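Those protein sequence lines, which keep their order, are chains A and B. Every letter in the first sequence is one number past the one before it in this note's numbering, and letter 3, counting from 1, is 3. Every letter in the second sequence is one number past the one before it in this note's numbering, and letter 122, counting from 1, is 122.
Hints were generated in silico from the structure; no laboratory data involved. Hints should not be assumed to be uniformly reliable.
Unchecked claim - Pulled a few chain A residues facing chain B out of the computed Cβ check, cut under 7 Å: (1) Q20; (2) K49; (3) V60.
Stated by the list, open to error - Straight line, CA to CA, 20 Å or less: simulated EDC-like cross-link-like pairs of lysine to aspartate or glutamate: (4) B:K118 / B:D53; (5) B:K118 / B:D26; (6) A:K54 / B:E51; (7) B:K118 / B:E136; (8) A:K54 / B:D26; (9) B:K158 / B:E51; (10) B:K118 / B:E31; (11) B:K118 / B:E167; (12) A:K54 / B:E31.
The structure presented is a predicted model; accordingly, all values stated were derived computationally and were not measured. Don't be surprised by glycine CBs; every beta carbon is placed ideally from N, CA and C.
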Amino acid sequence: MTATLEEHDITAATRHVSGQPGSELVDIAESEGFDEIVLAGGRTSPMGKISIDKTVEFVVLNAHTTVTLVR
Amino acid sequence: MSSERRYPETVSGPFEEPPINFDDRDGRDIEIRPYDRSESEYEALAEMYVEFDPSDRAQGIPPGRESRVRTWLDGILADDCYNLIAWDGDTAAGHSTLVPDGDDDYELAIFVLQDYQKAGIGTHLIESLLGYGYNEGINCVWLTVERWNHAAVSLYEKVGFETTGAESFELEMAIRLAEDG
C-alpha cells in the first residue's frame, strides 16, 4: 500500500483496521468527519465478471458519506 | 479466485454431449457444437455480442463496445477454455463457455441472444457444456449470478447447481461433475 502510494508520488496517511473492515471504515468516516470513502470497486473473475465483495457492499449500503468505487 | 470454494458432495449428471440438434420452442432448427476456432465462427460470435441487448448484460459482460467484445472473446476463446455455440443456420444464437480459474475448476457463463431466449436453448447450452466438460475431465464448475435474476438461478438449480455463497450482491453457485482425484 505504502509502496503503491510512493510509486504514484502521493502523500497520504495509512492506517490498519482490524475486525470487520466494512463497519470499521464506516465508523471512522463518521466519527472523524470524513466526507468521502473511495474503494477499489470489485474483483474481476477469469470470465471477466465483476463482483463486489462483502466489505464494499457493506460500505456502500451503510456509509452516510459519498462512496466512490474505482475500476 | 479462491481455492476454498465449496462444491456439492453429490455428483450431477450425466449430461447430453455436443454436438446436439433440436427444434426450439419456436420451431427453429438449432445445432449446438464446440467452437471450431475458425475465423468465421469467431466473427459470428462477435456479431452476436455486438447485437446483444445492453439490458441483458450481467456483471460487466458482455462488454458494450465492439473492440472490448473482441478483447473479451480473445480471452474466453483461448486454447484452455471450452466453448459451445448454438447455431440457427449461420447465425450464432447462443454461447456457453468454461474458463479455467487456475485451481482445476472452471467458471461457467452462458449467453442467449434476445430473439432466441425462452425457447429452451439455454437449457441445452448449459447441459451440453457440462457434458462436454465432464468428457474433458473437469470435476468442478462454478458461476456467479445476480440474485435478482430468478430465471437464470432456476435454470442453474434445475441442472444441479447449488448455492455456495450468498453473502454478496451476487450468488455463487457450484456443481460437481465427478469425484475428485
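Original post:
Between A:K54 and B:E31, does the CA-CA distance stay at or below 20 Å?
Top reply: violated, 41 Å
**OP:** Take the C-alpha atoms of B:K158 and B:E51, compute the straight-line distance between them, and say whether it is at most 20 Å.
**Re:** Distance of about 28 Å is beyond 20 Å: violated.
Original post:
Between B:K118 and B:E136, is the straight-line Cα distance small enough, at 20 Å or below?
Top reply: violated, 29 Å
Original post:
Given the hinted pair B:K118 and B:E31, is their alpha-carbon gap at most 20 Å?
Top reply: holds, 16 Å
**OP:** For the pair supplied as a hint, A:K54 and B:E51, confirm whether the alpha-carbon distance does not exceed 20 Å.
**Re:** violated, 33 Å
Subject >> Interface hint status, A:K49 versus chain B (Cβ within 7 Å) >> reply: Holds, because the Cβ-Cβ distance from A:K49 to chain B comes to roughly 4 Å (cut-off 7 Å).
Original post:
Is B:K118 close enough to B:E167, meaning Cα to Cα at most 20 Å?
Top reply: Violated - the C-alpha atoms of B:E167 and B:K118 are around 29 Å apart, more than 20 Å.
Subject >> Per-residue hint verdict: A:V60, partner chain B, C-beta under 7 Å >> reply: Status violated, d = 9 Å.
Subject >> When the least beta-carbon distance from A:Q20 to chain B is tested against 7 Å, hint result >> reply: With a minimum Cβ separation of about 12 Å from chain B (threshold 7 Å), the hint on A:Q20 is violated.
Original post:
Straight-line Cα separation of B:K118 and B:D26 no greater than 20 Å?
Top reply: Since the Cα atoms of B:K118 and B:D26 sit roughly 9 Å apart, the hinted pair holds (cutoff 20 Å).
Subject >> Proposed proximity, B:D53 with B:K118 (alpha carbon, max 20 Å) >> reply: holds, 15 Å
Original post:
Between A:K54 and B:D26, is the straight-line Cα distance small enough, at 20 Å or below?
Top reply: violated, 42 Å
Of the numbered hints listed earlier, those contradicted by the structure are 1, 3, 6, 7, 8, 9, 11 and 12.
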